[in-house]
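Residue numbers (my numbering), protein chains in the order written: chain A, 1 to 379; chain B, 380 to 758; chain C, 759 to 1137.
Calculated directly from the structure, the hints in this document are not laboratory data.
Treat each hint with caution, since some may be false.
The calculated label-pair distances, taken between Cβ atoms and stated as ranges, are [said to hold, decoys possible]:
1. Arg-63(A) to Asp-798(C): 52 to 60 Å
2. Phe-1047(C) to Asn-66(A): 36 to 44 Å
3. Leu-451(B) to Pro-366(A): 48 to 56 Å
Here are some of the chain C residues that sit facing chain B, going by a computed Cβ distance under 10 Å [as the list claims (entries may be wrong)]:
4. Pro-797
5. Ile-1032
6. Gln-1040
7. Val-1044
8. Phe-1047
9. Leu-1051
10. Leu-1055
Beta carbons: idealized from backbone N, C-alpha and C, even for Gly.
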Amino acid sequence: MDFLADFLTRFVDKLQSPTLGFLIGGMVIAALNSRLAIPDAVYKFIVFMLLLKVGLSGGIAIRNANLAEMLLPAVFAAVIGILVVFIARNTLARLPGVKPLDAIATGGLFGAVSGSTLAAGITMLESEGMQYEAWAGALYPFMDIPALVTAIVLASIYAGKQKRDKYLKNEDYLRKGEYSGMQPVAAGGYSSEPGGIAGGSASQSGGPANNRVKIWPIVKDSLQGSALSALILGLALGIFTRPESVYESFYNPLFRGLLSILMLVMGMEAWARIGELRKVAQWYAVYAFVAPLLHGLIGFGLGYIAHIATGFSPGGGVILAVIAASSSDISGPPTLRGGIPKANPSAYIGASTAVGTPVALAVGIPLYIGLAQALMGGG
Amino acid sequence: MDFLADFLTRFVDKLQSPTLGFLIGGMVIAALNSRLAIPDAVYKFIVFMLLLKVGLSGGIAIRNANLAEMLLPAVFAAVIGILVVFIARNTLARLPGVKPLDAIATGGLFGAVSGSTLAAGITMLESEGMQYEAWAGALYPFMDIPALVTAIVLASIYAGKQKRDKYLKNEDYLRKGEYSGMQPVAAGGYSSEPGGIAGGSASQSGGPANNRVKIWPIVKDSLQGSALSALILGLALGIFTRPESVYESFYNPLFRGLLSILMLVMGMEAWARIGELRKVAQWYAVYAFVAPLLHGLIGFGLGYIAHIATGFSPGGGVILAVIAASSSDISGPPTLRGGIPKANPSAYIGASTAVGTPVALAVGIPLYIGLAQALMGGG
Amino acid sequence: MDFLADFLTRFVDKLQSPTLGFLIGGMVIAALNSRLAIPDAVYKFIVFMLLLKVGLSGGIAIRNANLAEMLLPAVFAAVIGILVVFIARNTLARLPGVKPLDAIATGGLFGAVSGSTLAAGITMLESEGMQYEAWAGALYPFMDIPALVTAIVLASIYAGKQKRDKYLKNEDYLRKGEYSGMQPVAAGGYSSEPGGIAGGSASQSGGPANNRVKIWPIVKDSLQGSALSALILGLALGIFTRPESVYESFYNPLFRGLLSILMLVMGMEAWARIGELRKVAQWYAVYAFVAPLLHGLIGFGLGYIAHIATGFSPGGGVILAVIAASSSDISGPPTLRGGIPKANPSAYIGASTAVGTPVALAVGIPLYIGLAQALMGGG
C-alpha cells in the first residue's frame, strides 16, 4: 500500500510538472475547439533548437568524459539503447491493433534517458552511501542517442517496406506526392522523412523487382533528415568545438521553455488522435509497466559483468540500470516528433509519463539498489 | 504648477521608456518608408508568448492568493474591470467621429491594470506608513483579465451587429471572404476574429431573418480565438499546474524584450493609421484625463464598502483605487492587438501612455491616499 | 618561429570558438546533403535581432560617451571606417577574378570592429601599464557603423551600375522581376535590396538616357533597406531612449546564441558557393594579411595627429590603431548578409576569421604598442 501511495503521489506530481501540464493544456485547448496555433516556421525552429541542445549537451558530456576508463560501460549503454528499441519492435509492435510506428517510437522513448530519473537515482544512491564513478552520469548520451537513432531508422525501414508492399499490390498507386503512409500524416510535422524518404530510397535500391529493402540508403536518409541532422550536428559541435559559452547562455536556458511550447503543440495533436488508442491502451499500459523493470534488469546485468570484468563499482551498476529503466521526457519527444512524425504522441508520451516514469522511480530504483547491495556488496 | 512640472517630468520619462521608445521608433521607421518588417509567423508567435505570460502570471498570483479572505475585493475588482469597458462603450464610443472599435479597445486598456502604476502606488503607501493586506497586489488579475475579455467580446458583438446591418441593407454584399468590416483590416493582424467570426456566429444565430444578435455564440467565439485562448490557457496553467520554473526561466525574462518588438510593429501600424485620429484626438485626450480619476473613485468607493463590510484595510482600498485608475501598458496592448485587430493602436496606446498613465500617477495616487486618510483613518 | 607558433595557436583556438565552430558545422552539414534548414521567417527575424542589438549597443555607447572630448578621435574613427571600404573597393575588387560585391563586403568586414580584438588590445595595454582615455573603447561604433553603411551603399551603387550597363546593351533584358544581378541570388537572403532597389533607383534617376548613376537615391534606398533600417533604428533607440533594461535582459543575452544560428546558415551557404573562390583565394589571403597592418598604421597615424593636436593619449592612439586593424566577426556578418545578400560569405568571413583576425592579434597589437612607446613615449 505504501508503494501504491508513493506511486500515486508521484503520478499527481507529474501531472503538475510544466512538461505534462502544457501537454494536457494543449489537449484541453484542442478539445474546446480553440483556434490557437503555433506558426509552422516557429514550430520547426523550436524542434531544431531542442534537438541541437540535446546533441550539444551529449557532445559536451562525451568530450569531458574519461573515454578510456568508461569504455566498457559506454558500449554496454549503447547496446542497451539499441536493444530496447528492438525489444519494442518485436513485442509491443506485434500486439493486435498496435500500430508499428507508434510502438517503435515508444521503444525509442523508453530507450532514451530521463535526466530527472537519473538525478533521482543518484540522490538515492548518495543517501544510501553507495560509491559510484564520477563519470557514471555521463553514460547517458551513449544510451540516449543510439536509442533515438535506432528508433528513427527502424521506423524508416518499416515505412519503406510498407510502401513497397503497397507498390507491389497496386503499381498505379505510387503517384508522386500522393502516398502518405499507413497513418495519417501528422499535421504540422517537422518533416515527413520516414514515409517520403524511405520511399525514395526503396526505389533507388531496385524498386519492385528487388524484393529486399536495402538498409544503408534508409539509414543514410534518416541521418540526413532534419531531426537526426540537428541532433548529430549538436553532438559533433559538442565534441569537437568548445560551445560551452553559447550552450550555457542560450541553448540550455531556452530549453525548458521551448519544450513547454512543443508540449502544447503535441497536446493539441494528441487530442486529435487519442481515439486511435482506445482499443489498444491496455497494451501500452502493460508494456509501460513491464518495460522499465526489464530494461533496468538488463542494465543491471551488464553492469554486473562490467563489475566483474573491470571493477565497475556497484553504484555505477545501479546508475546503468536506472538510465536503462528510465524513459525520456526531455530529449525523446522532440526527436521522435521530428524523426517519426507519423507516430502518435498520445501513445509514446502517454505510456512514458503516465506509467513508465513512475514505475522506474517508485519500483526500479529501490530494486536495483537492493540488488546491488545483495549481489555486489555495495554500500 | 508643481503638479504640471511633475506631470511633464513623468511624461518625458515615459517617452524614454523602452515600451514607448520602441513604439515611437516604429512610427519613425514607417514615416521614413523603411522596408523593415517582422515576419508574420514570428509576429504571431510573439503575441502568443506575451499573452501566455500574462495569463501565467495572473494564474500563479491567483493560485498563491488566499481566495476566501480576498473574495469580496476580488469580486469588486472584476466588477470594476467590466464596468470600465461598458463606460467607454457608452461614452467615448458614442462621441462624434470616434470609431466604436477604437473606443472599446481604449476602454479595455483603461480597465486592464498597469503593474508599474501599481508598484508606484504601493511604494507611496509604504512611504506614508499605511497598512495594507499582503495579498492586495494579487487583486490585479481579477480586474485585468475580465476587462480585456469584456472588451474583446463587446468588440465582437459590435462587429457582428455592423455586419448584420450591412447584410440587411445589401444582401449581395456578403460574399464569402470579401467582407472586411467598417475599418480597414489591420495589416499583419494576429487574427481577424471579431469581424470574420462574429459574422459566422451572426449567421448561425439566425441570419437576416432574426433581428437580434445572439450573445453566447459570439462570446464563445471570442474565447476560442487565438488571443483569448492563449490568455486563458496561461491562466489555467498558472492556477492548476506548477509552471513557476518555466515561467521564471523563460516566459518572464523574455517578456519585456518581446514586448519591445511588438511595440515596434504597433508603432509602424500606428503611423499608417494616425490620420484617422486627427479629427477626434481631443475626445481621446478628454477621456484619458477624466477616466483614470473616475475609475479610481469607483474603485475607492467599492473599497470603502469592503472596508465597512469585511474590514478591508484603508491601504487595500487605495490599492483597489490605484489599479482601477491605472491603464495597462503591458498586458493590454498584445491582448487587444490580438483580440481586436481592427482597432487603431494609435488611439488606445496613445490615450493610455500619453495622458492616462501620467494622470493616474501624478493626480490619482495622492488623491486616493488623501481620501483614505480622511475617510478611513488609514496611516 | 615564436610568432608562427603564436599565430597557429590562435588559429586553432578560433576554429573551436562557437562562432567559427557553427560556421564549419554548417559547411559540413551542407557537404553531407543534410535536409536541415532554418525557416526563412525565423532566419529573417534572427538577422533583425542581431542588427538591432548591434545598433543598440553602439547607440548606448555613444550616449554615454563624452562627445565633446572625443570629437576628433571619433571623426578619425569614422574616416578610417569609410576609407577601409574604399581601399578594398580600389584594390581587392579590381584584382583579376575577384567579384566586386565580395570584395566590397570584405572591405566592410575589415572596416567594422571586432569587440574581442579590442578587448585583447586593452588587456595588453594594461599589462604594459600604458594609460588611455576611459572613453577610448567607445570609439568603436564611430568606425563600425560608417564602415558597414559605406559597404552596403558602395554595393548598391555597383549593382546599380551593373544593371544600367546591362540595360544599355540589351534593352529587352530588363523585364520586371527577371533581373537577378551578376551573382546568383543568395538563397534565403534577408532582402535583395542592392540589386532590386538600385535598379529602381537607377531608372528613377533618368534611365538609359542619363549615363551617370545618381548617388543619393541609392544611398536613401540602402538606408531604407531592412538591414540598415534595423541597424540605424537600434542606434537611434540607443542614443535617444533608455533601452538599457531591455538591452541587458533580452537583446544582449540572446545575441551570441542567435549569431551561432546565423553562422550555421552562412556555413551552409558558404559550402554551396566555396567553388567560386577557388581561383581567387590567394588574393583574399594576401589582402587579409596586409589589410589589418595597413589599416592599423592609418589608425596609428591619425591617433598620432590627435596626440599632437589635442593631447590624445598614446594608449588611446593604440586603441584607435587596434580597432582599425580589427575585422568584425560579430556585427559584420549579419549586417553584410542582410545588406549585401549576393556577396559570398565564404569570401569575407573566411578572409577575416582565418587570416585577418589572427594577424591583427599576433602582429598588429604588439606593433602598435611598440610604435607608441617609441614615438609618443607612452608607458
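Now for the hints, and whether the structure bears them out:
1. Arg-63(A) to Asp-798(C): 52 to 60 Å: About 33 Å separates the Cβ atoms of Arg-63(A) and Asp-798(C), which means 52 to 60 Å is violated.
2. Phe-1047(C) to Asn-66(A): 36 to 44 Å: holds (41 Å)
3. Leu-451(B) to Pro-366(A): 48 to 56 Å: With a Cβ separation near 50 Å, Leu-451(B) and Pro-366(A) satisfy 48 to 56 Å, so the hint holds.
4. Pro-797: This interface hint holds because 7 Å falls under the 10 Å limit.
5. Ile-1032: At 29 Å from the nearest chain B Cβ, Ile-1032(C) fails the 10 Å test, so the hint is violated.
6. Gln-1040: violated (38 Å)
7. Val-1044: With a closest approach of 37 Å, the Val-1044(C) hint is violated.
8. Phe-1047: Violated. Min distance 37 Å.
9. Leu-1051: violated (37 Å)
10. Leu-1055: violated (38 Å)
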